[in-house]
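K.L.:
Here is what each chain is made of, one letter per residue.
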Amino acid sequence: MTDPMMSTLPTTETGGGVVPGAAGPGAAGAEERKERSASLWADAWRDLRKNVVFLISCFIILVIGSMALFPKLWTSQDPQACHPRYSKLPPSWEHPFGYSVTGCDYYAQAIHGARPSLTIAILATIGILLVGGTLGILAGFYGGWLDAIISRITDIFFSLPFLLGAIVFLSLLKPNEPAAQVASITGVLIVLGWVTIARITRGSVIATRALDYVQAARALGASNARLMFRHILPNAVAPAIVVATIALGSFVSAEATITFIGVGLRAPAVSWGTMIATHQQYINSDPWLLAFPGGLLVATVLAFILAGDALRDALDPRLR
Amino acid sequence: MSPVAQTDSVTQTDSVTATDISVKPNGGLALDPTAPLLEVRDLKVDFRTRYGVAHAVNGVSFHVRPGETLAILGESGCGKSVTAQAVMGIIDSPPGFVTGGEVRFRGVDLLKLPEEERRRVRANHIAMIFQDALSALNPVFTVGFQLGELFRKHRGATRAEARKRAIELLDMVRIPAAAQRVHDFPHQFSGGMRQRVMIAMSLALDPDVLIADEPTTALDVTVQAQIMKLLADLQAERNMGLILITHDMGVVADVADRISVMYAGRIVEEAPVHDIYANPAHPYTKALLESIPRLDQKGQELNVIRGLPPNLANIPPGCSFNPRCRYAQDVCRKDPPPPQFTVDVGRTSACHFWKDVIGRG
Amino acid sequence: MAEVVLETRDLVKYFPIMRGIVFKRRVGEVKAVDGVSITLHRGETLGVVGESGCGKSTLAKLLIGLERPTSGSIMVRGVDMARVRGAALRRARRNIQMVMQDPYTSLNPRMTVRDIVGEPFEIHPDVVPKNRRAARVAELIELVGLNPDHINRYPHQFSGGQRQRIGIARALALNPEIIICDEPVSALDVSIQAQVMNLLDNLQKELGLAYIFIAHDLSVVRHISDRVAVMYLGKVVETGDESQIYDHPTHPYTQALLSAVPVPDPTLRGLRDQIVLEGDVPSPANPPSGCRFRTRCWKAQEICAKEEPALVERPGSPHPSACHFAEERDVVHAAD
Numbered sequence: 001m002t003d004p005m006m007s008t009l010p011t012t013e014t015g016g017g018v019v020p021g022a023a024g025p026g027a028a029g030a031e032e033r034k035e036r037s038a039s040l041w042a043d044a045w046r047d048l049r050k051n052v053v054f055l056i057s058c059f060i061i062l063v064i065g066s067m068a069l070f071p072k073l074w075t076s077q078d079p080q081a082c083h084p085r086y087s088k089l090p091p092s093w094e095h096p097f098g099y100s101v102t103g104c105d106y107y108a109q110a111i112h113g114a115r116p117s118l119t120i121a122i123l124a125t126i127g128i129l130l131v132g133g134t135l136g137i138l139a140g141f142y143g144g145w146l147d148a149i150i151s152r153i154t155d156i157f158f159s160l161p162f163l164l165g166a167i168v169f170l171s172l173l174k175p176n177e178p179a180a181q182v183a184s185i186t187g188v189l190i191v192l193g194w195v196t197i198a199r200i201t202r203g204s205v206i207a208t209r210a211l212d213y214v215q216a217a218r219a220l221g222a223s224n225a226r227l228m229f230r231h232i233l234p235n236a237v238a239p240a241i242v243v244a245t246i247a248l249g250s251f252v253s254a255e256a257t258i259t260f261i262g263v264g265l266r267a268p269a270v271s272w273g274t275m276i277a278t279h280q281q282y283i284n285s286d287p288w289l290l291a292f293p294g295g296l297l298v299a300t301v302l303a304f305i306l307a308g309d310a311l312r313d314a315l316d317p318r319l320r
Numbered sequence: 001m002s003p004v005a006q007t008d009s010v011t012q013t014d015s016v017t018a019t020d021i022s023v024k025p026n027g028g029l030a031l032d033p034t035a036p037l038l039e040v041r042d043l044k045v046d047f048r049t050r051y052g053v054a055h056a057v058n059g060v061s062f063h064v065r066p067g068e069t070l071a072i073l074g075e076s077g078c079g080k081s082v083t084a085q086a087v088m089g090i091i092d093s094p095p096g097f098v099t100g101g102e103v104r105f106r107g108v109d110l111l112k113l114p115e116e117e118r119r120r121v122r123a124n125h126i127a128m129i130f131q132d133a134l135s136a137l138n139p140v141f142t143v144g145f146q147l148g149e150l151f152r153k154h155r156g157a158t159r160a161e162a163r164k165r166a167i168e169l170l171d172m173v174r175i176p177a178a179a180q181r182v183h184d185f186p187h188q189f190s191g192g193m194r195q196r197v198m199i200a201m202s203l204a205l206d207p208d209v210l211i212a213d214e215p216t217t218a219l220d221v222t223v224q225a226q227i228m229k230l231l232a233d234l235q236a237e238r239n240m241g242l243i244l245i246t247h248d249m250g251v252v253a254d255v256a257d258r259i260s261v262m263y264a265g266r267i268v269e270e271a272p273v274h275d276i277y278a279n280p281a282h283p284y285t286k287a288l289l290e291s292i293p294r295l296d297q298k299g300q301e302l303n304v305i306r307g308l309p310p311n312l313a314n315i316p317p318g319c320s321f322n323p324r325c326r327y328a329q330d331v332c333r334k335d336p337p338p339p340q341f342t343v344d345v346g347r348t349s350a351c352h353f354w355k356d357v358i359g360r361g
Numbered sequence: 001m002a003e004v005v006l007e008t009r010d011l012v013k014y015f016p017i018m019r020g021i022v023f024k025r026r027v028g029e030v031k032a033v034d035g036v037s038i039t040l041h042r043g044e045t046l047g048v049v050g051e052s053g054c055g056k057s058t059l060a061k062l063l064i065g066l067e068r069p070t071s072g073s074i075m076v077r078g079v080d081m082a083r084v085r086g087a088a089l090r091r092a093r094r095n096i097q098m099v100m101q102d103p104y105t106s107l108n109p110r111m112t113v114r115d116i117v118g119e120p121f122e123i124h125p126d127v128v129p130k131n132r133r134a135a136r137v138a139e140l141i142e143l144v145g146l147n148p149d150h151i152n153r154y155p156h157q158f159s160g161g162q163r164q165r166i167g168i169a170r171a172l173a174l175n176p177e178i179i180i181c182d183e184p185v186s187a188l189d190v191s192i193q194a195q196v197m198n199l200l201d202n203l204q205k206e207l208g209l210a211y212i213f214i215a216h217d218l219s220v221v222r223h224i225s226d227r228v229a230v231m232y233l234g235k236v237v238e239t240g241d242e243s244q245i246y247d248h249p250t251h252p253y254t255q256a257l258l259s260a261v262p263v264p265d266p267t268l269r270g271l272r273d274q275i276v277l278e279g280d281v282p283s284p285a286n287p288p289s290g291c292r293f294r295t296r297c298w299k300a301q302e303i304c305a306k307e308e309p310a311l312v313e314r315p316g317s318p319h320p321s322a323c324h325f326a327e328e329r330d331v332v333h334a335a336d
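Protein chains in written order, with this note's numbering: chain A, 1 to 320; chain B, 1 to 361; chain C, 1 to 336.
Label-pair restraints from in silico Cβ distances:
(1) C/ASN175 with A/LEU146: 32 to 38 angstroms
(2) C/ALA88 with A/GLY65: 51 to 57 angstroms
(3) C/TRP298 with B/ASP344: 39 to 45 angstroms
Below are the DSS-like pairs computed for lysine-lysine, each with C-alpha atoms no more than 30 angstroms apart in a straight line:
(4) C/LYS61 with C/LYS24
(5) C/LYS130 with C/LYS205
(6) C/LYS299 with B/LYS229
(7) B/LYS164 with B/LYS153
(8) C/LYS205 with B/LYS298
(9) B/LYS44 with B/LYS355
(10) C/LYS61 with B/LYS298
(11) B/LYS334 with B/LYS44
(12) A/LYS88 with A/LYS72
No wet-lab data here; the hints were simulated from the structure.
Glycine included, each C-beta is placed from N, C-alpha and C at the ideal position.
Assemble the whole structure, with the sequences as input and the hints as a guide.
P.N.:
What follows is the structure, given as structure tokens:
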């Protein structure tokens with residue numbers, strides 16, 4: 001007695017007023033699927049390939065990424081070759097972004113400026129995922145005194161004001177080398193940013209842990225490691241991923257802010273933040289000096305956020 | 001319920017200046033007291049989703065008389081709740097749209113009324129109770145406040161009067177210590193008590209018809225018995241029409257006068273309760289009856305209805321039950337779908353072969 | 001009588017009620033299961049019925065090992081599941097598996113059917129050798145009436161009834177003798193319930209399984225059970241074979257429970273013995289002294305508050321019943 005395999009919207013016996021519909025792919029499409037690979041990521045990739053917003057975001061990210069990795073591909077000018085006499089010359093054919101206030105090629109600066117901004121943002125995001133994610137999972141899974149301790153630590157860190165804390169830490173560290181500056185900014189962002197991921201992961205793990213299929217695996221005799229990595233993590237990770245991609249975007253602007261205030265990257269380092277900081281006063285006279293780095297900043301942040309959204313939707317098998 | 005008379009004049013749609021909060025404002029509705037209480041004719045509701053159009057309700061007709069209980073019986077996804085929501089006018093639109101038919105309350109077609117008048121009908125003439133009382137009641141207001149609000153809003157009562165009526169209502173639904181419990185919040189009541197509160201809310205303005213959408217499905221069986229008894233008593237007291245929407249064939253056997261069986265958005269059989277159980281005239285009804293275990297029997301073979309109910313965006317042509325039906329022939333698989341055949345007085349069946357199903361001829 | 005495969009003795013589970021924000025202290029206990037002793041024989045089905053708060057779900061979790069008992073023992077083929085730990089526990093667990101209620105949350109949405117049904121073999125690698133696993137998974141899927149071609153699909157691509165079958169296949173993987181069915185058909189449509197129940201019936205005959213069938217739907221329980229235990233507020237109040245419980249109930253709660261269940265037969269309307277209980281179930285954190293049912297019982301006397309009735313055979317009851325005044329009363333059929 002085999003049931004015909006049809007995709008139907010889940011309805012329960014007790015469902016009143018259930019919206020019928022959401023006809024899944026017809027029988028023919030469903031047959032196709034059975035031949036393909038079973039990996040969730042492969043399925044997600046197949047969906048993302050068709051998502052226009054995701055593709056555009058990825059494209060922008062790739063562009064910016066290549067600016068960061070291979071700036072020479074984009075410009076042959078040296079951002080450090082500056083002549084005061086060219087100061088604030090408007091955009092022209094050879095110098096599409098014009099010149100900065102100190103007479104450097106603005107376009108070259110913008111291209112080279114991508115690297116520190118992205119490096120800091122990506123490293124910081126990986127950092128908060130590792131630190132916050134681990135602590136969140138441990139707190140959520142084991143509960144009890146471990147959860148109590150981690151949650152109190154989280155609360156303490158949460159109450160540190162972000163900007164103020166960043167300023168204080170960085171003023172104390174006073175890094176001089178550009179490399180040290182990047183490291184310290186990244187470090188500060190991780191220290192102040194891991195709490196959101198921890199909280200979200202903890203909540204997500206607690207919710208997932210109570211679900212029937214996790215209990216079923218426990219009843220089978222699954223070890224804690226298996227429960228955590230096979231059952232809980234994949235289902236609890238989605239909110240953290242979305243937050244992480246948004247965090248990535250906000251780290252890019254956080255770096256710019258910190259630099260703007262003066263405790264972040266400093267000359268001779270060039271980043272979008274330094275560009276905005278240096279040229280803020282020209283907003284009325286030469287607005288293009290702010291528009292270019294600002295535009296790149298906004299585009300990058302937006303691209304990461306939209307890509308993160310699309311990725312989360314694609315990873316959720318129920319939304320198919 | 002004794003009318004409360006007051007000499008202050010309060011906004012009323014009638015020209016009466018004394019406030020009598022037990023009198024229903026008519027608001028200009030031309031109700032015809034000789035017309036049937038509630039009559040639904042050929043109702044159609046579609047849901048437009050991005051996967052296609054789901055025909056949730058496909059030409060449904062039924063009626064209810066005062067003091068009578070009509071049960072709309074069907075499994076999940078058959079469209080029975082959507083039908084009730086369409087009658088009440090509370091379908092989320094989009095994605096749901098009423099695309100045809102009439103809902104006549106004492107002759108007035110509710111589907112053609114403007115929303116403001118609809119709202120008045122909803123409160124004063126037709127009421128609805130839902131399955132999950134916890135989500136139907138507002139958790140941040142006390143029960144007394146929510147009950148009283150009905151009187152304040154629809155009958156122009158003062159706060160004191162409203163409070164008094166709220167306590168009376170809680171008493172009426174047999175909640176002990178009503179005067180104290182009127183200050184409690186919904187979550188402070190047990191499941192069965194909350195359902196009583198919801199019943200109280202629905203009956204506050206003395207409706208003529210009550211629609212109960214799976215009112216006891218989420219409750220324990222002893223509580224279910226209490227609630228169904230309460231509903232039966234209140235209905236008898238008020239000579240109210242009751243439309244009971246459920247999938248539970250036991251509850252229906254206990255309380256219904258007539259039954260309309262729904263499948264895939266259509267009514268497949270309508271009959272008085274004794275006839276349907278003794279001798280169903282539609283293969284679906286028959287199959288359902290044969291597939292449920294009974295409390296008073298042991299060891300019977302449970303008949304299985306093979307297959308699944310159809311996807312409402314993709315209903316098979318002809319009779320929607322045909323892929324699962326053991327009586328199906330060619331005529332069943334082609335459009336048009338079977339009409340309502342008259343089996344007997346007050347009995348119809350949407351099956352070409354109802355005679356075989358009944359076992360006659 | 002076939003051999004005993006499972007036996008619990010005075011099984012107790014109390015959940016502490018904690019108060020406080022930083023430092024929590026125990027202010028009371030929810031006595032979810034309070035001294036339950038049941039026996040299960042090979043190849044039989046024991047139905048456990050009761051309403052919300054009676055402790056049947058907690059009992060299921062105790063039997064399957066998801067909760068540790070506060071006291072008492074659970075003997076499965078001579079091994080006390082409540083006492084063993086580590087490797088011995090893992091081995092003992094193989095013999096007792098569970099089918100859960102909600103088909104929509106009992107399967108990991110990110111695992112395919114093959115992964116779900118194959119997971120028990122990964123956790124217990126010595127049950128089936130690696131090269132035989134794929135074949136065994138396919139066997140199990142066919143055994144529950146599903147198409148083995150759909151092994152790469154995700155749960156959301158199946159209907160509720162099909163998901164329950166997948167859950168059953170998973171439960172069968174380790175060849176258990178005992179399956180705890182915790183409301184396995186409650187979340188399914190009426191017409192699908194019959195399919196799953198027939199499947200469980202057939203599997204039982206084919207594989208010699210013993211079931212503990214927990215449900216609130218008394219008609220369903222009668223259909224599938226050989227023996228029945230009725231629970232109220234953490235205790236078993238009556239137990240016997242199904243015809244004893246349904247046709248000759250002796251405990252007032254059982255009688256009230258049965259009389260409240262509607263039967264799909266309108267000719268019985270008004271003819272059955274109707275017992276309508278007043279009030280609500282008392283809180284399991286604060287159960288009444290003596291007999292727990294006395295606050296809602298029409299037979300209650302002084303002795304009921306003082307002395308808790310034991311679950312034994314009595315003059316008024318040939319099967320065990322925990323009531324000082326146990327007496328038979330037919331509430332299922334028409335009274336003549």
